[in-house]
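A.B. asks: Protein chains in written order, with our numbering: chain B, 2 to 203; chain L, 2 to 364.
Do not rely on the hints blindly, as some may be mistaken.
What the hints assert, rightly or not - Here are some, though not all, of the chain L residues that point toward chain B, as calculated from beta-carbon distances under 7 angstroms:
id, residue
1, L37
2, R41
3, D79
4, T81
5, L174
Rather than coming from a laboratory, the hints here were simulated on the basis of the structure. By construction, the Cβ of each residue, glycine as well, lies at the ideal position given by its N, Cα and C atoms.
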Amino acid sequence: MAVKVVRRRELTFWEKLYIPQILWGLKITFTHFFRNLFLHTAHRLGRFKSFPASVTIQYPEELRPLMSRFRSRHRLTLRDDGAPRCVGCMLCETVCPAKCITIVPGEHPDPNIEKYPVRFDIDLGVCVYCGYCVEVCPEDAIRMDTGILDVAAYSREDMRLDIHELMDPGLRKPISHCNLTFPHKCELTGGKMKGSWDTPCP
Amino acid sequence: MMEVLLIKLVLAGIVFFAALNLAGFHTWVERKQSALIQDRIGANRADIFGFRLLGTLHGVADVIKMFSKEDIVPARADKTLHTLAPFFSVFFALAAFAVIPFGDRLILGDRVIELQVAKIDAALLYIFAMLSLEAYGVILAGFASRNNYAILGGLRATAQLISYEIALGFSVLGVIMVYGTMDLAELVRAQGRMIGGWLPLWGIVTQPVAFVVFVTAALAETRRLPFDLPEGESEIIGYFVEYSGMKFGMFFLTDFLETIVVASLSTTLFFGGWQIPYLMPDGFHFPWGGVLLVPNLIYVLLGVASFSIKGLTFCFVFMQLRWTLPRFRYDQLMSLGWKGLFPIAVVNIVVTAVALVFFGKAS
């Protein structure tokens with residue numbers, strides 16, 4: 002094995018003196034300090050908004066811009082009448098590598114539509130966010146475009162999303178005013194999709 | 002007699018109030034200044050009724066947190082010394098403020114009040130004694146914890162403080178020689194005269210080398226970056242590993258108090274204390290001949306303001322240095338102290354002595 006001798010550069014006299022180097026470092030920190038101080042003050046006065054004073058993203062209030070192909074929490078798309086587009090074909094449940102989707106299909110009274118999901122659960126504690134369910138769906142019934150990243154719960158059971166939560170991205174348990182009778186027509190509880198695509202939140 | 006006592010108590014109260022509040026305020030400055038340097042925003046979440054006040058309330062939140070935290074004393078630690086150590090640190094850091102003159106004589110009626118808590122002839126010696134004793138708190142903390150890491154931190158602190166104390170003392174010798182006094186109030190008064198009628202005879206003018214040595218050694222004395230070897234919270238574990246709650250908070254407070262002591266000491270020794278250029282006790286005497294008379298009260302207040310501004314500027318610069326420089330390695334620290342600062346300080350004394358023979362004493 003060849004030995005490569007790496008010689009450290011000898012410090013010059015001025016570098017050994019420390020003081021010029023300290024001043025050089027201070028110049029950098031002072032530049033940043035006063036630039037940011039000026040910009041923060043200017044932002045308060047509503048000026049120079051296009052020059053950011055810090056790289057911080059104030060997370061809960063402000064979200065990082067998401068790419069349009071970013072895979073976030075799932076949702077079930079709706080028909081015009083508010084019923085889910087899902088036809089209960091079980092393709093997503095079959096393709097899911099984590100086996101986190103549980104579908105119980107039922108007969109649809111409308112002869113034009115084959116089936117509908119009586120239950121459609123996704124266990125987010127198990128989901129690997131691979132997006133296969135979205136790709137395999139022939140009806141465009143499931144998407145991963147809610148922009149919800151902060152999925153959190155106090156127990157494993159709470160990580161399971163049922164069909165109501167999947168249909169209404171803003172909804173969290175308990176669902177009181179939504180009955181499970183056919184067809185699932187959830188009144189959207191004002192739930193908006195979080196996050197945004199390619200542009201940051203205001 | 003009672004009045005004298007009362008005046009001293011008021012003075013001590015003022016100094017304590019200013020020093021402790023400034024130390025508390027330092028937590029905010031530390032957070033926000035580092036944030037600005039590093040393009041961040043800094044702590045801004047703590048609020049009272051929705052008012053965040055630029056994050057100043059985080060200091061209050063800190064204090065509440067530290068007081069309400071569990072105070073843990075390790076089972077095998079020396080309980081008395083373990084409890085005593087932080088009090089030791091804070092006490093001597095606060096006691097050092099007693100001799101700092103923060104203003105000129107205030108004349109109230111027929112009473113002349115020195116704006117200095119304790120008028121000691123050897124004030125400089127007193128300050129150095131306090132600063133050294135304050136190091137005992139650190140050493141005690143490391144020793145009494147019965148923790149290997151803590152005692153190593155304490156040892157590093159001992160080595161560092163001893164080697165830098167010498168450079169500190171020697172750098173100040175030059176100043177003492179030039180002004181011929183160890184009484185800080187007299188020392189500041191001696192800095193009020195002018196060279197050639199326009200250049201104030203401040204310590205920085207007469208002793209620039211001593212100033213650099215002094216500030217470096219004094220920064221080492223405060224145990225903050227780049228000399229935070231005794232602490233090194235994140236990597237090399239420091240002497241206060243075994244401390245929690247307000248006892249830890251007191252060590253933190255000591256750090257900030259020491260910074261303020263050093264800042265005011267640098268101001269006093271090298272930047273003319275409460276002196277303002279061309280301001281004599283009766284008013285401004287400009288070198289171009291203008292004279293602006295001011296009453297005694299305004300003159301004293303101007304002096305106090307001047308002292309505060311200089312001290313705060315020093316605090317600001319120290320903080321900036323703390324967020325600019327990386328930590329020294331142990332051997333680098335020692336060689337800087339013994340092979341760098343100490344010889345420079347000694348040479349400075351010799352040069353000063355020779356210069357005094359030729360130019361005469363300033364006093």
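A.B. asks: So, for every hint listed, does it hold in this structure?
C.D. replies: Now the hints, each set against the structure:
{"no.": "1", "hint": "L37", "result": "holds (4 angstroms)"}
{"no.": "2", "hint": "R41", "result": "holds (5 angstroms)"}
{"no.": "3", "hint": "D79", "result": "violated (40 angstroms)"}
{"no.": "4", "hint": "T81", "result": "violated (42 angstroms)"}
{"no.": "5", "hint": "L174", "result": "violated (21 angstroms)"}
Hints 3, 4, 5 from the list above are not met by this structure, while the remaining hints are.
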